[in-house]
Amino acid sequence: MKNRDVTVKLQEVTFTYEGGVVALRSLNMSARRGEFIVVLGANGAGKSTLCYLLSGIIPHIYGGQRAGEVQVVGRDPWDDPIHITAQRCGVLLQDPEVQLFMPTVRTEVAFGPANLRVPRAEIERRVAEVLALVRLEGLEDRNPRELSGGQKQRVALAAVLAMRPQVLVLDEPTSQLDPLGRWEVVQALHRLKAAQEITIILTTHETDEVMDLADQVWVLEEGRCILTGTPEEVFTQPERLEAAGVKPPALAHIWIHLARKSGEPADLNGQRLRDLSIARVAERAANLLRQGWISPHPLPDSSRPSSPMRPAVIEVQDLVYRYPGYPPVIALKGINLTVREGEFVGIIGQNGSGKSTLVKCIVGLLRPTAGQVRVLGEDVRRLSVGQLARRVGLVLQNPDYQLFTISSKEEILFGLRNLGIPKEEAEARVQEALRWVGLESEAETFPFRLSFGDRRKLAVAATLAMDPQILILDEPTTAQDHRGRYQLAELARRFREEKGRTVIMITHDMELIARYAERVIVMWDGQILTDGTPEEVFGQTELLHRSFLRAPIAYEIAQQLAPFGIPSRVLTTHDLLTVLGGLS
Amino acid sequence: MNAPFRYIQRQTIVHRLHPFTKMIYVLLTLLLILVPLYDIRHLPVLLIWLSLSAMLWVAARIELGRFAALLKILAGTFLFLMLAQGFTYRHGKTVLIKFGDLHFGGSNMGELTLEGVQLGFMLSVRILTAASSLPLLVMTTSNAELMAAMSQLRLPKVVTFMFVSALSFTSLIFEMWNNIVDAQKLRAFDIDRMDPITRLRKAYVPIITPLILLLFRKANDFQIALETKGFGSPGRPTEIETLRMRPVDFLAIAIFLVVFVLCNILRFQF
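Just so you know, the sequences run in chain order A and B. Be aware that the first sequence starts at 1083, since it is given in our numbering, and climbs by one per residue. Be aware that the second sequence starts at 302, since it is given in our numbering, and climbs by one per residue.
Source of the hints: derived by calculation from the structure; they are not laboratory data. All C-beta atoms in this analysis are idealised placements derived from N, C-alpha and C, irrespective of residue type, glycine included. Some hints could be false.
Claimed, not checked - Here are some, though not all, of the chain A residues that point toward chain B, as calculated from beta-carbon distances under 8 angstroms:
#: 1; residue: P1141
#: 2; residue: G1145
#: 3; residue: L1175
#: 4; residue: P1185
#: 5; residue: T1186
#: 6; residue: M1245
#: 7; residue: R1246
#: 8; residue: Q1248
#: 9; residue: L1465
As the list claims (entries may be wrong) - Covered by chain B, according to a simulated footprint, are these stretches of chain A (three or more residues, beta-carbon under 8 angstroms):
#: 10; stretch: 1118–1131
#: 11; stretch: 1503–1514
Stated by the list, open to error - If the Cβ cut is set under 7 angstroms, some of the chain B residues that face chain A in the computed set are:
#: 12; residue: A385
#: 13; residue: A504
#: 14; residue: P507
#: 15; residue: A520
#: 16; residue: A526
#: 17; residue: I541
So here's chain B without its partners, still in its complex pose:
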């Protein structure tokens, strides 16, 4: 298991964009999906925004494999949402499959309805739209740029560093997880051959316990390394990376805004 969404050092137009520009894109994505978009007729709105995201992924030269990893992570959630909504949506009329009658809270949970599945599908697409934007920011913006941008936003140093440290720690957790799983497999602990229920019941104690103990130790080392580098001294640190908005940033923001407005116009058309 690898950390799929860590910073990838490349020289692309997306990498060179100011972090603010990319943050605006993430913010607009969240604004778009947080408003109700339940109807299947709203699908083109989300597809337009998803297409914009796809273009950014391509422009950033991020491999399709990483997007596939994102889909893999979310596939279970999507299936669950469509089934859960399909069986519980109270306004569902078109029955796709009927298992029986199980009336609860105004809906018949024995029936899988088309409207419910569509609602679950729309929720899934909204999640996918959101989930495709944040990795793009993280994968194309270095920690130093993020820190510099957050510093320009006058966020407290501790908040900035907590955010960046969390990103660094994610990779470390993945690496430790893999090492621990390997170490336990070497003791005939065949986690890969366990069924999901057995895995949930007994597999995670031998993995999570050493992980927690190691994380405590690593966190201590991390704290030592940080504080001995002067982190914690009062005042704002010297800006190492000076970030300036360039014409391409304003152009990108203009494109994001145009697409955002277009999406909203479309949304109110239906």
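Excised from the complex, chain A in its bound form:
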């Protein structure tokens, strides 16, 4: 490795925030020009801190103590103001909304170079170039705020690239996007990588998306780098990844499982991970099944007990909702839906398809423009949101919109007081709710001191304490790591199974839906496209394709293995590994 090619270098780097939290511990890493580095780790592992250190956000915006050496293109970001570091190292954040300031795409992209006093003709050349790279030509005069999530993030990416950084740091750039938005951003990253001009450092939880982008993978756990190497070296260790709270890419996980079952070394046998495909993995599994190396194991029938014709708890008839505005937007176009007691319903669809509008109509936050919504037999028009809150609990994506008291206990008590629950009963419910979500020891903790994952659990506890008949989770996976997203879904499953209540979950995570929901509803353009069991819905490949959705990888592999006796109800990686000779 030539020294001049090394663009990022960290030597024995330890960082402690002003509050005393040690975020990074003795990190030693380096990256070369043109390399694509993927940084993985659970929430709190130190990924964002690493991004902040490289881009100069630490120490210029967030303070703390650093030990060790950081070099970005030959300079320590600690020594230069951010606007100087920004010329070498660009950074793209999670939330596109806070990164857009200007009224048009063109001025947004030009904003950075203009601040650096790049001549106007050069700015115009760069704007055209980077907009072509992120495939946003033709949208130059559009207001970035009116674009879709994926387009917004691509505008923000273009705005960073226009500053011509030699190192690009991307902090979970797809975590707040829908599947289409994520795909668009990942495609832009593929084109950027192909140019091989800059070093890209990307933090993410979505290992399946970046498996074929990475040249190097760094895995962080509690601030330490516990695993580093090529994707082939790192992704072939699924147990170590899972222990660090990282989801192994499904294809690599299944491939390694097959290798172990056939007695071969648990590696990729010299081939590159990016060459793995569903067809290839299915072919290998088929060969092993054919040759008798593995035999199909039965799939325990435990995951989704069916709900027979129980009473309807939600009845939606010809529901239309129109958002007032200039011009008005019709978000729901005649929805008909019945949800029965004890069901676990998953709602999927792109952003803007009407999922959130539908649940807001169910909980009374929005009043239907036309049609009717009945909850537990009562028309929601006759009830206030507060009255409905006794029947339906909606946990929003962002817990920070509701937390305001001095302790977790007070936070839960707030809703109970509003319901007029007697003090003694309220105290008992608080303890029960905290125990339910595993936050008993945090009863007196100031909510904003909790991690994001725990704040979400607290929001769930506050909802569960109100003892609703129906629990709705809106995007429980947003900004959550592999572990965190399953914790909330697991809480919902227990709520349903132990209390016999109804759960509705809105998510973009197909594996999560496949694992927990007994019924899946696909929405598109304000309408229900299909409604059925996960097997029925994921089997409609064309329809999913049209709505930019895709069945879980394991499901697609299982379909190709049907002639070998693999059951069609295999939906998740976990299911497939069980069927293909048991979990390793």
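Given chain A's structure and the hints, the job is docking chain B onto it.
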């Protein structure tokens, strides 16, 4: 609750005017209403200027609903002004309603007088005249144009960006406010069903506390996004939008000046 007066991207003659032209219109409006116009006989002066504003609103193709939103916001203030002046105006002679005798500071606050109500009405029309001009500037001028215009005026970059950021933040505050109100309603906090006194007494802590905490966080994110885009580097940034005055701007300024002079002539007629 939506931010009613944010930039609306359209291709109208008003949108295409140079920001200076629109700033001159706002400046003339302020000059007109800052001079004393207490007498009801001065009403035509304000109505002429209001008519000019109305024509600009129509030419900018801004929906009447937005003007209605402005009136809704100001209606309470207008009512308060007319009642407060009606009861406290010391030169009021024509009693409309008498509740009793409550002499204070040279006026009888137990009487609602016609002259007082008229004074409150004139103050209200002056406020309405002012309030109808600034939204027109904001709704028809993009942040980039405002920044370019302020840069041409050689205002410091920080002042320019503070102004533009404040405009951006307004939308964000409205959005966060709505989300927080929704989140608290979902916890049986029925703010809509509270009477105004209860609402003032207990409703705003659960809404304003998370709003402030979130604003701090957003402001941090905003600062990060700004500074990593080179904002803060010394020197004047390259002008992205080059704004030039065109004949239509001079024509518009001439019309504004003519109407302004006409209004002032009328004012001194009475």
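The hints, checked one at a time:
1. P1141: violated, 13 angstroms
2. G1145: Hint violated; A/G1145 Cβ to chain B Cβ min 12 angstroms, cut 8 angstroms.
3. L1175: holds, 7 angstroms
4. P1185: Status holds, d = 4 angstroms.
5. T1186: holds, 7 angstroms
6. M1245: This hint holds: A/M1245 lies near chain B, its Cβ roughly 7 angstroms from the closest one there, short of 8 angstroms.
7. R1246: violated, 11 angstroms
8. Q1248: violated, 15 angstroms
9. L1465: With a closest approach of 10 angstroms, the A/L1465 hint is violated.
10. 1118–1131: As far as the stretch 1118–1131 of chain A goes, the hint is violated, because 0 residues have Cβ atoms under 8 angstroms from chain B.
11. 1503–1514: Answer violated; 0 residues pass the 8 angstroms Cβ test.
12. A385: Cβ of B/A385 sits 34 angstroms from chain A, so the hint is violated.
13. A504: With a closest approach of 11 angstroms, the B/A504 hint is violated.
14. P507: Interface hint status for B/P507: holds (5 angstroms vs cutoff 7 angstroms).
15. A520: violated, 9 angstroms
16. A526: holds, 4 angstroms
17. I541: Hint holds; B/I541 Cβ to chain A Cβ min 5 angstroms, cut 7 angstroms.
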